[in-house]
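Protein chains in written order, with the working numbering: chain A, -14 to 328; chain B, 713 to 1297; chain C, 8 to 335.
Honestly, the hints are just simulated from the structure, not real lab data.
Just so you know, nobody snuck in bad clues.
Some chain C residues well away from chain A (every beta-carbon gap over 10 Å; in silico): (1) 57; (2) 64; (3) 75; (4) 92; (5) 96; (6) 101; (7) 222; (8) 257.
Derived lysine-lysine pairs resembling DSBU-like cross-links, with alpha carbons at most 30 Å apart: (9) C/184 with B/1128; (10) B/1099 with C/74; (11) B/1036 with B/1124.
Backbone N, C-alpha and C fix where the C-beta goes; we use that ideal spot for every residue, glycine too.
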Amino acid sequence: MTNYILRRLAQAIPQLFIISIILFVLMQAFGDPIATLGGRVPPRPEDKERLRRQLGLDQPVYKQYFTWLVGNDWQKIDMDGDGVPETYGKRHGVLRGDWGNSLVTRQPVLRMIGERLPNTLLLMVTAEIVIIIVSLALGLYSALRPYSTFDNLVTGLSFVGYSMPVFWLALMLMYIFAVNFRRWGLPYLPTVGMYDPQVGKTPWELIKHMVLPVTTLAVISIAGYSRFVRSSVLEVLSQDYIRTARAKGLRAMFVVLRHALPNAALPFITLIGLDIPFLLAGAVVTERIFAWPGTGRLFIDHTERADFPMLMGILMLISIAVVVFQLITDVVYSFVDPRIRLE
Amino acid sequence: MKRNLYILLSFLVLASMLLTACGGSNVPATEAPAATEAPAATQAPTEAPAATEAPTQAAAPKGTVTITFVQEPDNLNPMYTSMYFSQITRELWLKGLWNFDENAKPVPVLAKEIPTVENGGLSADGKTITIKLRDDITWSDGEPVTADDFVFTYNMIMSDKNTPQGRYPYDEYVASVEAKDPTTLVVNFKDPFAAWLTSIFYWVLPKHILQPVFDTDGSLDNAEWNRNPTVGVGPFVLSEWETGSHLAFTANPNWIDPPKIEQVFIRIVPDDAAQEAAIIAGDTDIGVFLSSDQIQKLEAGGNVKVVPVASGYDEAWFLNVNPKTASPAMLDLNVRKAIALATDRFTIVKNLLVEDINPVNVTYWDNSPPYQTDSLTPYPYDPEQAKQLLDTAGWKDSDGDGIRDKVIDGKKVDLKLRYITNDRELRKNVQAVVQQQWSLVGIGADLVNYSSDVYWNGYNDGGPQAQGLYDIAEYSSVQSAFPDPDASSGWTCDQIASADKPDGANWQGYCNPAIDDLMKQQATTLDPTARRDLYNQIEQILYDDYVYIGMWKDPDLWSINSRVKNVKLSGVFPFWNVTQWEVSE
Amino acid sequence: MAAITPETLSTDVIAKPSAPLSPLVLGIRRFRRHRMAMIGLGLLILLMLYISFGGLFARGYCTPIDKNLSGEPWSDCNDLSLKLKPPSASHIFGTDVVGRDIFARTIYGGQISLMIGVSAAIVEVVLGALVGALAAYYGGWVDSILMRFTEAMLTIPNLFLLIIGARFFGGGLPDFKLFGRELTGSVVVIILIIGATSWMYLARIVRANVLSLRERDYVSAARALGASDSRLILTHLLPNTTAPLIVSATLGVANAILAEAYVSFLGLGVQGSTATWGNMLDGAYRYLDTAPWLWFFPGTLILLTVLGINFVGDGLRDALDPYSTRHL
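Work out the full structure: start from the sequences and follow the hints.
What follows is the structure, given as structure tokens:
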């Protein structure tokens, strides 16, 4: 087991390197961050040139990548434009823990991501829990009463939920529950933000503000997963060991919960496990529409400013999470399913 | 198994809730001025602090004014950001020599008076400016503000260890800055510099705080103070900044002109729709960058007033006349004139904007009334004359497809103009309307939208404007040192963007020796009347050349809730009179 | 009784056993029994009729240019005095921000959206099948590289890839004419970037299928007879993976239509004044409560189309999958 984990990690490292190179190269297709640094007033040519030199953006791509990776504090760079390098660089490189500063805010990338990450996690983990519970419940109930009205209704609604553009759903929810409820005098949900600053960051505020975004995120996944669970449970229910258990006289509900569901849930675990790292990308659209201050919004805000260090930071974070979670999923799967042996 | 999964997941949720509650908030250790208690940031302060020490004010400050921003300031140190929202926030807590009021007239703040020739501030040759500072102003921690702080600021901007946003005007125009004595600041220019009033020292850095930081870190780039300025010089002090959510500033009663309100609360909202909702609901008192189609809805409730504030922006068409990149049609004056006459900007303004607020403008300098040429009026809408001009220019619809064409170098070329802009919705709508208008005179349109970061790219990054890949480019712009009119870099021959000069700012490729000459003269002419004459000449030449077609005046639209009184917004520094604002509950 | 001899035993006495039903016929039968799939099919047929012939009903008088227009030119007619009007007799779906008829725009926008959907799905299937088949067939380091590349593409967030794609191609492709409509180069850009960001899932499925087929006897036989690699892949292996390919392609169209809406919402969609369902939604965001007809109609049309495709895809999956034990 440990060997397996170590081997997987060893394989992951070159993979992450390659991903980082691909990302860095792709990122050159973005605009020039200096051009947008000026805000409303485009920066002067002299300033543009100077900033480009000072921030190391005039270097060829491979050199920039190298600096990002290992830093340049052992090298002299030309800060004053005379063509002669005289000041030591200040970057330590990713491998030593320095992910650089955002070109936009000049703040350390890790710190900025760290400020937003808990918000995204809160939203995503809650959404994921809701997804798991509701999918399992709906899928299970549908499977137990196949082709009944309930089943058909759930299947139908799943299809509908599955077919909606996510932002359309978000807008509809906002329209009904926030705008119109308020108009009709009903207790309404807030539209934006994580909490009302005048009231403070109380749990109740957080919950109130989480309802709409979590619902938006959950509906589409539940639509997909519940059908998956349903077919998985149906398949398990037709297995011999279930029939044996029933023949032994065990109560139906017990059989379902103790034998059928766990076995049906196995492939489900893989799906969830692979989903989680993408949560970190933070369902960008939802965060944007509901103004949730998370990493997704951070990503989109900085994309428009071509902020390489920040974007690389977020993307690498996601990639690392994907690799780690794939590994965790496989390991958990092997614990959970005694038939699997990892070597 | 499943149970363990649930336990694990509940743990994760709890953990993230804890993390969220603890992390993220950026509560600086405020150097609260002596006796007053700065109210806790999370409670909505409705009562004034008990007894104030500052004897100069009549009533204790009360009330909070909420302002919504649609973008979060990236950095509060003005050295490192040109972002609009960072700049206007600065007005609350970090002042400079002078302010500009709602009529763009200078008002001294840290300076005792505006230097002129009469009071000896301006030397006879125009190269030396002597500024007398007030001696009764202190930083929010009690340290006096002296000329040394200004010299320090200059040194920091010019230091090669720092990467400031811009060094204008210090790198090119200033020879030296010195502190003759603690209250006398002397700025020496290399040549008389006409734009001095609007460009020097409108903010200052605290030497006693930042010098040690610079000495230890070797640079101010990563200073804590940039995101968390503990010390400032202004009517307010930053008390809290929760990223993604809000910034809170509390009153500084030791300021020479103590504010009448207790707190300014800046709320970050994701976009216009959210801001609109907040304004209508009364959740915010002041909003900015509204669009004209929102006015009716916002004012419907009765307690919100939408105020246009001229900040120098005009929306216009910039025509590509670069002999190397422009299409032959654009190089023909008759065609350019026809384009101006074939576009009914008046109807556009009437229907897509608000005519009173966004009238059609004439020249680039409409936004600076002292330099405007009143005799010039907007190009009229005259499709018949446009058709005649195109006929004269040789463009006729020979193949009946509705678009005129001409044989150039043996090939049939359609009069299809590449009309580019960024992807703002209003501009896309204007494009569609213009396309239809042009079809009436036989001009075709190729409508292209770029995302902003590509649209503004320089020559080496494939910027469509810089590389001349367009016929007409639309955008809204202003001079960098507004209200100073100087915008020479956009119109002079040596600034044409090319492979040799990739950072050139003249993206239209316009080259006219007369203009070059006039631009050079106005940069060193300090006498306002003489300068005005030069600009009248410049404007007349450009008007007759049809290279700039004015679309509309683009003032910023602010909304003010009637709850807040005495708000006078300046186009240069919006919050210049924040100390006069009052809240009525 | 006549003696039963080989001569008397004629073939028409004994009932001829009917020829085994071809998989196609079997598939169609199963499909027809799938109720939801039939509903989906009906829905799609209605929508196709809508966007193909709805244009006959789109006509009106365009005041600013003083002409009676019908069809596509009518959908481009912008009359600022009629902006943002709710549904009425002359404009049954209302008008948009510059006064264009929404009914007409949903028809012509639908044509583009569906075209984008189908084309992107084709791109996706071709890329995915190629990568998957090559990886599985050659195995070894080819397989490793292709699969690592696929995984890398899967790891990188979709949004990022979309934006990169839009930047990379953006603005450079020329306009072209298709079925009498003038389309901007950005349509091709969108097709390419949607296709390029969704082929990964299919590649995996195809690879898995081809891997299992690779070792079958008929493949070895063909190879022994000297069939070239490409012949083997194209005529023996890929055709036997048709079932998942068809299902993927169908669902790919649905996915591409949703992706087009998403991309337009981000502002990277089709440029110019050409309508698509996606870019009609983009501008509508700000008029959530003041002009709900702006987003209601295109949104509902997207929903119905994607729903129909999903139903049909589900039916196809059941119909074509020989191992399915359901719905028999």
